[in-house]
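A.B. asks: Now for the letters of each chain:
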Amino acid sequence: MDDTAIKIENLTFFYPSEEEGQAPEDVLSGVDLTVEKGSFTAILGHNGSGKSTLARHLNALLLPKGGSVTVFGMDTRDEELTLEIRRRVGMVFQNPDNQIVSNVVEEDVAFAPENLGIPTPEIRTRVDEALKTVGMYEFRTHAPHLLSGGQKQRIAIAGVLAMRPKCVVFDEPTAMLDPQGRRDVMRIIGRMKKELGTTVILITHHMEEAAMADRVVVMSDGQIAMDGAPGEVFTRVEELEALGLTVPDTVKLMWELRQKGVDVPLDTLDVEECAKALAEHFKKK
Amino acid sequence: MLKDVTLGQYFPGDTVVHRLDPRTKILMVILYIAALFNAKSWISYGVVLVFLAAAIAVSRIRLKAMLKGLKPVVFIVVLTSLLNLLYGRGEIIAQWWIFHITREGIKAAILMGARLVMLVMGTFMLTYTTSPIMLTYGLELLLNPLKKLKVPVHELAMMMSMALRLIPTLIEETDKIMSAQKARGAEFDTGNLIEKAKAMLPILVPLFLSSFRRADELATAMEARCYHGGEGRTRLNVLKMAARDHITLGVGLALLAGVIALAKLGL
Numbered sequence: 002m003d004d005t006a007i008k009i010e011n012l013t014f015f016y017p018s019e020e021e022g023q024a025p026e027d028v029l030s031g032v033d034l035t036v037e038k039g040s041f042t043a044i045l046g047h048n049g050s051g052k053s054t055l056a057r058h059l060n061a062l063l064l065p066k067g068g069s070v071t072v073f074g075m076d077t078r079d080e081e082l083t084l085e086i087r088r089r090v091g092m093v094f095q096n097p098d099n100q101i102v103s104n105v106v107e108e109d110v111a112f113a114p115e116n117l118g119i120p121t122p123e124i125r126t127r128v129d130e131a132l133k134t135v136g137m138y139e140f141r142t143h144a145p146h147l148l149s150g151g152q153k154q155r156i157a158i159a160g161v162l163a164m165r166p167k168c169v170v171f172d173e174p175t176a177m178l179d180p181q182g183r184r185d186v187m188r189i190i191g192r193m194k195k196e197l198g199t200t201v202i203l204i205t206h207h208m209e210e211a212a213m214a215d216r217v218v219v220m221s222d223g224q225i226a227m228d229g230a231p232g233e234v235f236t237r238v239e240e241l242e243a244l245g246l247t248v249p250d251t252v253k254l255m256w257e258l259r260q261k262g263v264d265v266p267l268d269t270l271d272v273e274e275c276a277k278a279l280a281e282h283f284k285k286k
Numbered sequence: 196m197l198k199d200v201t202l203g204q205y206f207p208g209d210t211v212v213h214r215l216d217p218r219t220k221i222l223m224v225i226l227y228i229a230a231l232f233n234a235k236s237w238i239s240y241g242v243v244l245v246f247l248a249a250a251i252a253v254s255r256i257r258l259k260a261m262l263k264g265l266k267p268v269v270f271i272v273v274l275t276s277l278l279n280l281l282y283g284r285g286e287i288i289a290q291w292w293i294f295h296i297t298r299e300g301i302k303a304a305i306l307m308g309a310r311l312v313m314l315v316m317g318t319f320m321l322t323y324t325t326s327p328i329m330l331t332y333g334l335e336l337l338l339n340p341l342k343k344l345k346v347p348v349h350e351l352a353m354m355m356s357m358a359l360r361l362i363p364t365l366i367e368e369t370d371k372i373m374s375a376q377k378a379r380g381a382e383f384d385t386g387n388l389i390e391k392a393k394a395m396l397p398i399l400v401p402l403f404l405s406s407f408r409r410a411d412e413l414a415t416a417m418e419a420r421c422y423h424g425g426e427g428r429t430r431l432n433v434l435k436m437a438a439r440d441h442i443t444l445g446v447g448l449a450l451l452a453g454v455i456a457l458a459k460l461g462l
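Residue numbers (our numbering), protein chains in the order written: chain A, 2 to 286; chain B, 196 to 462.
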């Protein structure tokens, strides 16, 4: 059994240039990335780093101009396989308002299975199951536009889950949400990985969210600048700041303490861990 | 102010009328309108009115909602009735300047007004008791035979349901843009008609731009969820004509036949 979910080899992409005769600028230049089945990868990068463009290659919304993208053994350039790829790799976008297609919650969740031609009784099972997973089952007959941003985003996630995808790409899913909505969405993402075994790829610029992943990939200028476990990547404070990214506050605090000659560990990603490390340090003294 | 826009407003409910197949309801409205336009006499109007009253009663739509829906057509109803009243032919009852009121004129005025009011109320019964989604789905199924003539029925239905889906979002957005412009000193409620129209421009331009962006994003999201046209699509809620649909359609046909028969008998 092959453990590779996604294999990207030397991927190059550019949008056609707007003016005649002008050479188009590469948005992605030579990206190599392999994602394992069941893993949780966060892709970080500032605006224009190419992270969303990269995401759109994972379900054949964009096709490589150079190199190749292979998803569960299928080449995205093969048009015959486009639907098979999209049913395996779901995608949740930033703005919940622009991805909900129906005036009734359950009809919206049913949209993807309907497109796939799944028999009616099976659609019902999938819709109910997906809505229960995101905790929105009670709202199944409501109108989406009357729900909060976080609730709408949960509906959008349910709409993707109803395809029963093996992998879900989240393209800045919390960027437009309030803190409560953000927490709810992140909790669901964590559960999908743990309970459903879904391969998760999270595009974000929130360090705290990226810290939840098993692996962090940092993009810059269409290339992969850093790649490693969150604890490892976040300790490279100067490099991250040079790329226009801010490190988690806890790491920043520890890093500054270390600059002052205090011997504390750098890889404390959440507040509790950080507090514990500090307490221990002062005990030693 | 924009929250009041009622485009094809729907009052959710669980009555027989609500549960009827949307196709039945669309066909019933057509039969009802045909009957209404064939009605010539007090008796036939009475028959159609009884039918309408029964439908309203069964659907438990409050009369208040019905009357509220009539507001936009009041002007047309009054104008039509007045014209019929003042320019009728026949036995003159009263006369003043160029106007003369006749017995036939009075009858025509009342029946014309009634016809318009009943027409609007009847069609409201359709949109009040049928969700927009069911309505488009019903239309799609009814128009399906036209696919043989290469009419893009599925695409049209999808466009209609997308438009319905985006109306609340766009209304919300308009409100937001208006607030933003007001916060910067724009005035929408003062001045004459031309000034008011000019003031709308700073709202329409951003609204248009964002609509295009929205449409683009929505299309991408639909593609990501495997949308590839109507071919091989299934449905979560499948429509099935039940006994009550056949009975209702029977009643509708009887209504039309009855009204035509009454007209033929000269009643």
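Source of the hints: derived by calculation from the structure; they are not laboratory data.
Here the structure is a predicted model, which is why all the values come from computation and not from measurement.
All residues carry an ideal CB built from backbone N, CA and C; glycine is no exception.
Where hints are given, some of them may not hold.
Unchecked claim - To give a feel for the contact side, a few chain B residues facing chain A, derived at Cβ under 8 Å:
| hint | residue |
| --- | --- |
| 1 | E412 |
| 2 | L431 |
| 3 | K435 |
As the list claims (entries may be wrong) - Chain A stretches covered by chain B per the calculated footprint, using a threshold of three residues with CB under 8 Å from any CB of chain B:
| hint | region |
| --- | --- |
| 4 | 25-34 |
| 5 | 116-122 |
| 6 | 246-259 |
A.B. asks: Hint by hint, note whether the structure agrees.
C.D. replies: The hints, checked one at a time:
1. Among the interface hints, the one on E412 of chain B holds; its C-beta lies about 4 Å from the nearest C-beta in chain A, closer than the 8 Å criterion.
2. Interface restraint check: L431 of chain B against chain A, minimum CB-CB distance 4 Å, threshold 8 Å, status holds.
3. Given hint, K435 of chain B at the interface with chain A, is violated; its Cβ is 11 Å from that chain's nearest Cβ, farther than 8 Å.
4. For the region 25-34 of chain A, the stated coverage by chain B is not satisfied: 0 residues place a CB nearer than 8 Å to a CB of that chain, which falls below the threshold of 3.
5. With 6 residues carrying a beta carbon less than 8 Å from a beta carbon of chain B, the region 116-122 of chain A meets the three-residue requirement, and the given coverage holds.
6. Taking a C-beta to C-beta cut-off of 8 Å, the region 246-259 of chain A contributes 0 residues in contact with chain B, too few for the three needed, and the coverage statement is violated.
The structure does not agree with the numbered hints 3, 4, 6 stated previously, though it agrees with the rest.
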